[in-house]
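> As a plain string of letters, each chain reads:
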Amino acid sequence: MKKIFSSLCVVAVMFACVPMVFGQTIKIGFNIPLTGEIPKVGEESKYAGEMLLNEINGNGGLEVGGEKYMLEFVYEDNESKAESAVTAALKLIERDKVLAIVGPNSSKQAVPAGQVCNDNRTPMISPWSTNPDTTKDRPWVFRAAFLDPFQGPVATDFAIKTFNAKKAAVLYALANDYSKNLAEIFQADFNKKMGEGAVVAFETYGDKDQDFSAQLTKILAAKPDFIFLPNNYNEVALIVKQAHDLGWNGPFMGADAWGNSELMTLCGDDCKGHYFSTHYAAAGATGATKEFIDKYTKLYGYQPADVAALTWDAINVVLAGIQNAGKVTGNLRKDRKNLKNGISAITEVKGITGNMKFDEQGDPIKCAVVVKISDTGEFEFTESVCP
Amino acid sequence: MFDSIFQNLFNALQWGSFYSLIALGYTLVYGVLRLINFAHGDIFMVGAYIAFFLSIFFFKGDLALSGSTTLVLVIPLTMILTSICGVTLERIAYRPLRRKGANRLYVVITALMCGLILENGNLAFLGASRKSFPELIDKVVYQFGPISMTNLKIGVVLSSIIVFFILNAFITKTKIGMAMRAISYDKFAIPLMGIPIDTIIVVTFVLGSSLAGLAGILFAMSYPVLDPFMGALIGWKAFIAAVVGGIGDIKGAFVGGFLLGIVEIMAVAVFPSTFRDLIAFSILLMILVVKPTGLFGIAKSTKI
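Each protein sequence line maps, in turn, to chains U and Y.
Residues in the first sequence are numbered from 1 upward in steps of one, following full-length UniProt numbering.
Residues in the second sequence are numbered from 1 upward in steps of one, following full-length UniProt numbering.
Honestly, the hints are just simulated from the structure, not real lab data.
Don't take every hint at face value.
[To be verified] Listed next, the stretches of chain Y that the computed footprint assigns to chain U, with coverage defined by at least 3 CB atoms under 8 Å from CB atoms of chain U: (1) 28-39; (2) 129-135; (3) 170-184; (4) 277-290.
[Unchecked claim] Derived Cβ-Cβ restraints for the label pairs, each shown as a range: (5) U:Gln-303 <-> Y:Trp-236: 31 to 41 Å; (6) Y:Ile-109 <-> U:Gln-361: 45 to 55 Å; (7) Y:Ala-102 <-> U:Gln-361: 40 to 50 Å; (8) Y:Gly-67 <-> U:Glu-50: 32 to 42 Å; (9) U:Thr-87 <-> Y:Ile-109: 17 to 27 Å.
Virtual Cβ for every residue (Gly too), placed ideally from N, Cα, C.
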């Protein structure tokens, strides 16, 4: 009996030692929406992560200060809800003991989760969130996307130039931080450029709404030159269809949340010919971006949207930060702190959505593109706007 | 402003049609069983998904039928399959509780749970990604002066009105309808008269669920983005519509559904859209304060 017990002990100790002896791992957590409102966003983030993970681990791991470390990614579902994003962040920080967190993607979840990560001194990088509040006064929080105060004017300028627009209408989701913030920035900017009252209709809708006929009737009665829709792709599909039912034939202008591979499945012909601002254009990409798109398309069977590319970039920022830190001590608190300083110290990361430097808020300085939805349903590059 | 009033009235009729069709299902079951079937909104969701799979099978599959033929097949099949779903719930969840004489509260909680099971079962088996309902009929936009309508929207309004009159005739003119009214009057005396109470209850669930199935088809055609939780909110609101109309009374459910549609749409049309639910539900609350039994409800007497 004693013998069995002692041999069990030996085995247990051996297992406990395995990670220390046979290679070290770095754990990175993902706080992404695998279910809920925008499951495709979570799926693309996860796939981009898997792709990068296989690539790096296939090459023997990440080299930090002369030693190789294997990577381990933990995917946690935040159900696309603010409260679940907070729980997921805490779970990753406390239970999984990750070094850093990638995600959440939407500002709706990234703003509250950023608070949690900042309070718990864990580096977080949101690939897709464009709301300024995500990183504002939070030294531990970074992002890979541009900001809404930059994106809003991009949309304004483009619409004024392309549609010759003097009057605009906005329909946005009240309960969505991203949508609300971007709508307000757009309204302020458009009114500034075209005179007070140039935004002739500024309408909202609630969570899970499916009928927008009343809001659209009001918008159409105000006779705008175009309609600005800073909304998630699933709602865009419904809004655009219903506006056409009510007799609207004018242009729509969207924002980066349109850029999802599911948009065309849900929206079909109705969305063709409209424009939106986003992080990269898949059609006509070159170099490393094209390489990424081709590889992703081959592995998963569809073209990756901006969120996949941004996740890829976000993970690379984290990895560059780890390499910048120079060593992994095994003391989680120290490593997290080193990583934070490592990311802040990054001079430039060559990303597939453009090159990134970080300002003192942890926001990257990078360009936006405007794409047109072509007749074949592809997102075609139209123009690039740099800060 | 005046132009948009007519347009908004039409919008409200179309939106209210869905509330009406779903509210009818709530009220039928309540009228007969005194049970608030909270799974009803999710049965509506199941209906939409059944319609989706049937349409894909007929329209996009090997058969490649034309859109209108598909629709003609999909409507009855969806109604039948959805009612099977509703009856199954009754058999495995509500009837055993009723047999054991459980308090009605427990049955209501069971109904809530059944709804959650349907939602999450769908999420687990079909995944979270949304389904896009195929366009079965070519959309035509009609312009009547300031009002623009589509053939689909007109179809939705007409079918909900026709369905109401058929249902009303069924309840008031047929023997089964009479039995249904009788059960709601006294469910202990009725079996003694030789009326098979379980059969009547099954018929009630068949009627209610097939209406939800019909609403599911029409909804999926009008708002072609389906997700597992699509039935939850609209189900709750339709329940409120049924209560405001006087739950247990089918006239009440019908009128209540349209009333909720009109109040919601008009609140947006007149006030900033941010206040929609606040204003809409304040108005409904006032109606209930003045008339607690609902518009057509009669306190504690025969219902349906």
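> When the structure is checked against the list of hints, which entries are broken? Sort them ascending.
Failing hints, ascending: 1, 3, 4, 7.
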